[in-house]
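Chains as they are written, first to last, in our numbering: chain V, 35 to 382; chain U, 35 to 382; chain A, 35 to 382.
Don't read these hints as lab results, they were simulated from the structure.
As the structure is a prediction and not an experimental result, all values here were calculated from the model.
Glycine included, every Cβ here is placed at the ideal spot set by N, Cα and C.
Accuracy of the hints is not assured; some may be wrong.
Listed next, the stretches of chain U that the computed footprint assigns to chain V, with coverage defined by at least 3 CB atoms under 8 Å from CB atoms of chain V [to be verified]:
| no. | region |
| --- | --- |
| 1 | 79 to 88 |
| 2 | 104 to 110 |
| 3 | 180 to 193 |
Short, incomplete list of chain A residues facing chain V, as computed with Cβ under 8 Å [claimed, not checked]:
| no. | residue |
| --- | --- |
| 4 | Asp62 |
| 5 | Ala87 |
| 6 | Thr107 |
| 7 | Ile117 |
| 8 | Thr317 |
One letter stands for each residue in the lines below.
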Amino acid sequence: MFLRNCWYVAAWDYEVHRLQLMRRILLDEPVVLYRKANGKPVALEDRCSHRHAPLSMGRVKGDNVECRYHGLTFAPDGACVRIPSQESIPPTACVRSYPVVEKFHWIWIWMGDPALADPALIEDFHWMGDPGWRFKGERLDIEGNYLLIVENLCDLTHLPFLHLTSLADTAIPPNDIPVKTERHGNAVRVERWVLDTPTPPYFRLLGKFKQDDRVDRWMHLEFSPPAMVRLDIGAAKAGTGALDGDRSQGITTRNLNAITPATARTSHYFWAQAQDFGLDDPTITDVDFQLVHGAFMEDLAIIRGQQQNIDLAPAAPRLNIAADTGGLQARRVVERLIAEERVQPREG
Amino acid sequence: MFLRNCWYVAAWDYEVHRLQLMRRILLDEPVVLYRKANGKPVALEDRCSHRHAPLSMGRVKGDNVECRYHGLTFAPDGACVRIPSQESIPPTACVRSYPVVEKFHWIWIWMGDPALADPALIEDFHWMGDPGWRFKGERLDIEGNYLLIVENLCDLTHLPFLHLTSLADTAIPPNDIPVKTERHGNAVRVERWVLDTPTPPYFRLLGKFKQDDRVDRWMHLEFSPPAMVRLDIGAAKAGTGALDGDRSQGITTRNLNAITPATARTSHYFWAQAQDFGLDDPTITDVDFQLVHGAFMEDLAIIRGQQQNIDLAPAAPRLNIAADTGGLQARRVVERLIAEERVQPREG
Amino acid sequence: MFLRNCWYVAAWDYEVHRLQLMRRILLDEPVVLYRKANGKPVALEDRCSHRHAPLSMGRVKGDNVECRYHGLTFAPDGACVRIPSQESIPPTACVRSYPVVEKFHWIWIWMGDPALADPALIEDFHWMGDPGWRFKGERLDIEGNYLLIVENLCDLTHLPFLHLTSLADTAIPPNDIPVKTERHGNAVRVERWVLDTPTPPYFRLLGKFKQDDRVDRWMHLEFSPPAMVRLDIGAAKAGTGALDGDRSQGITTRNLNAITPATARTSHYFWAQAQDFGLDDPTITDVDFQLVHGAFMEDLAIIRGQQQNIDLAPAAPRLNIAADTGGLQARRVVERLIAEERVQPREG
Chain V
35 MFLRNCWYVA AWDYEVHRLQ LMRRILLDEP VVLYRKANGK PVALEDRCSH RHAPLSMGRV
95 KGDNVECRYH GLTFAPDGAC VRIPSQESIP PTACVRSYPV VEKFHWIWIW MGDPALADPA
155 LIEDFHWMGD PGWRFKGERL DIEGNYLLIV ENLCDLTHLP FLHLTSLADT AIPPNDIPVK
215 TERHGNAVRV ERWVLDTPTP PYFRLLGKFK QDDRVDRWMH LEFSPPAMVR LDIGAAKAGT
275 GALDGDRSQG ITTRNLNAIT PATARTSHYF WAQAQDFGLD DPTITDVDFQ LVHGAFMEDL
335 AIIRGQQQNI DLAPAAPRLN IAADTGGLQA RRVVERLIAE ERVQPREG
Chain U
35 MFLRNCWYVA AWDYEVHRLQ LMRRILLDEP VVLYRKANGK PVALEDRCSH RHAPLSMGRV
95 KGDNVECRYH GLTFAPDGAC VRIPSQESIP PTACVRSYPV VEKFHWIWIW MGDPALADPA
155 LIEDFHWMGD PGWRFKGERL DIEGNYLLIV ENLCDLTHLP FLHLTSLADT AIPPNDIPVK
215 TERHGNAVRV ERWVLDTPTP PYFRLLGKFK QDDRVDRWMH LEFSPPAMVR LDIGAAKAGT
275 GALDGDRSQG ITTRNLNAIT PATARTSHYF WAQAQDFGLD DPTITDVDFQ LVHGAFMEDL
335 AIIRGQQQNI DLAPAAPRLN IAADTGGLQA RRVVERLIAE ERVQPREG
Chain A
35 MFLRNCWYVA AWDYEVHRLQ LMRRILLDEP VVLYRKANGK PVALEDRCSH RHAPLSMGRV
95 KGDNVECRYH GLTFAPDGAC VRIPSQESIP PTACVRSYPV VEKFHWIWIW MGDPALADPA
155 LIEDFHWMGD PGWRFKGERL DIEGNYLLIV ENLCDLTHLP FLHLTSLADT AIPPNDIPVK
215 TERHGNAVRV ERWVLDTPTP PYFRLLGKFK QDDRVDRWMH LEFSPPAMVR LDIGAAKAGT
275 GALDGDRSQG ITTRNLNAIT PATARTSHYF WAQAQDFGLD DPTITDVDFQ LVHGAFMEDL
335 AIIRGQQQNI DLAPAAPRLN IAADTGGLQA RRVVERLIAE ERVQPREG
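Just chain V, with the same shape it has in the complex:
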């Protein structure tokens, strides 16, 4: 049971091509992705209405897709426009067409009621593509339920344990500093400040700080349904006003995450790392990306382990602790929205 009336990330822009049809399982449904002659992406049900052959095995003809099996041809809106063996085309011959939008280097897909698919509802990931930022990202296959990743990202108290060595240079903030958790509509925002401390190696490595600079640091995150988590991590010279919003003496990295369920047990994980500094030095982006990538490999392993235990005993109880406040709120938002959707579609 997934939330349907919302935007998910279906693919990176560079994964979707003009003539190379791509199959991807999203929310237990087979989807085929390609581009029209004008470059616009298309997402159709990857199952011919006739005999269920994957359309992704077929051919692009103009802006349409021709099924490789018997030649039924479908337009980008899912309408069947040709059945080679007959003249008439019944309306039921169509396949499902999913609204898609290309934005922030991602292909966004709306798996619910197309009438509600308002592009204005797409979450902000402008740091990917904004000229004031540089970014690098990837897609990872996760052997675990998507909410396990959301919980992972929402509770950063796992950093000093799971990423003890991989993120050591980031001088992970101590877990006992105050965390402020707030709800803004369906979004959950977690803020964390560490004031007037020595500069961690991470920021010295990436940024403009000197050995003996003291900094004010922040590590905020915001969850938005269905499974978007954006982190805002940075440091500024101590006492220069970062706490009040003036980051002119600081640097910021954004860790940007969108998770899309493939099945109840597997997920597609789209993420990127962006920086607002050192834009003339691409190695900074690469170093930052590699650092986080290494940590994410540790997350993937633990999530696979969680999922294996869940498979052994799906009904085993879960203990909730103080650090779970953000993750639990995120999970409850998703569960509430799914419940509401079963009663009536969410208003666009």
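With the hints as your guide, set chains U and A onto chain V.
Below, chains U and A alone, put in the same frame as chain V:
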């Protein structure tokens, strides 16, 4: 739920040996195949009545099979003839013996009521072994339900799409020529004629036609339950009477198919290609076989894709189109016979 | 449904380490094994009470285990002693701790009510470690239900069939000699004697007999629930009183087996071969171990075949024969104890 009171192909003759026991899953049941001293094939339940060990792991002793585990020995009729640890042999010690017949280079098996297993009911595949014909065949493992293959074979409108390049030389007949579909008892017969056309490269390659000969061509098929499809494909000099049955000025190839369910999701596919010409030139048989084999590899891929989509959504609706007439009739025959069998065994 | 209030073997002593946490599935439950600073083994539920991460991915801290994910820390008794993000620790934060005992080079585990875990109930396997004996053993992964192995061991009439060549030198006793089967409480004891015969090659190879010695031989076995089978195999100079208990003129090997279910379809098989002779010649132990290991590989193959057939038709009937007396009694003891446990815990 499979049709049981009918002949299926269990194996090619060359797959069944005197001393090398072969296990094969047929209709969800484990079957062991071997030959008696006189060469006659035997098919037994491949599960010892005692502790369920596969008899195919055992030894042939005379015409019997000795279980490798505790030495229980079974005669070709399934009767238990020895229990090493005791004198008396209860009647329940037997395993199931399946009627088998070796004919047309195939080992035929009857998975239903043995009393109904009339060899006269075996479908005609005499082109394999007939001195007026040469043939070559193989067995393929299919990752899909057996009826997906029946539908594939019954609707040849897939040729110009799925086999666009692989069968290009055969000059696939246009899909808009008339197709005559007829029922003969439980058989479904589909006829297709193309009159007075240039000779396609396929027939020039295989046969005796010259560059500028014009031909009458035919491509007929006949389905018989449970899952036999025989194609009759040929060409004769135009206007020499082929339409009325005189093929003396033509050549014929037979594409011969028998599909046997392994499980609901996997199948054994036995097929051969036979020709009534060029009998002194074995390369003709080989070329014809390779041509069709290449096309069948394309069918296997699409059938695997269909089955994957069916597994994702078993209840998704199927659109039926004009070209499905033959395939649908075949499917309905099988479904009706299965339903009848549940009420009472089919009359031999 | 497994018997829980009993001792199972969880691991060989050499498999459990001080700092290297080991995960093992036992009775469908994930268990993590390690050792305390004093060397004592510990077995905990391998699933953090918080978010179900495997504790085996974590770290040993003193005698405790720290979850790699968020740092929750568990003592050897399963109590949670630290939740990094909060001060209070609710009692429900604990994980299950299983009673374990290291004895006879095995780590024994009690998967049922800990209050009933009396170490005196551990079956006797003193031949592993006794100075009057030498032994060698291993753990095998079995693709089959644990009771299939128990039945295998309890009915040695399979030797001349399954192990015809591998155990030929042991001069397997003929299957028609008398077998005495007795119940002693929950134990099943099967005795078999062969008096005054030539010395089989096995005993000449391992022992002190000469070419023309005649011997009295025995091959006894004892089953104890849940799945322990101990064989007592030996030979003594004929007529020197072995039948009455005087083995001074003979040699004995012990084949020692403990099977622990992983799941209903897979098992851990712990076994060893021990000898009371040739203690100054380690090659004797090795030769004896290799001989039996080779035979067990044959057993593994047949058990995998049985399990495949059981998976195809779980409800297929089983024929019971005379040789099954021991195995059936063993199976019935286990089934009765499981049924009793469902009503009330077995008395310690």
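Now the hints, each set against the structure:
no., hint, result
1, 79 to 88, "violated (count 0)"
2, 104 to 110, "violated (count 0)"
3, 180 to 193, "holds (count 5)"
4, Asp62, "holds (7 Å)"
5, Ala87, "holds (5 Å)"
6, Thr107, "violated (10 Å)"
7, Ile117, "holds (5 Å)"
8, Thr317, "violated (43 Å)"
Hints 1, 2, 6, 8 from the earlier list are contradicted by this structure; the remaining hints agree with it.
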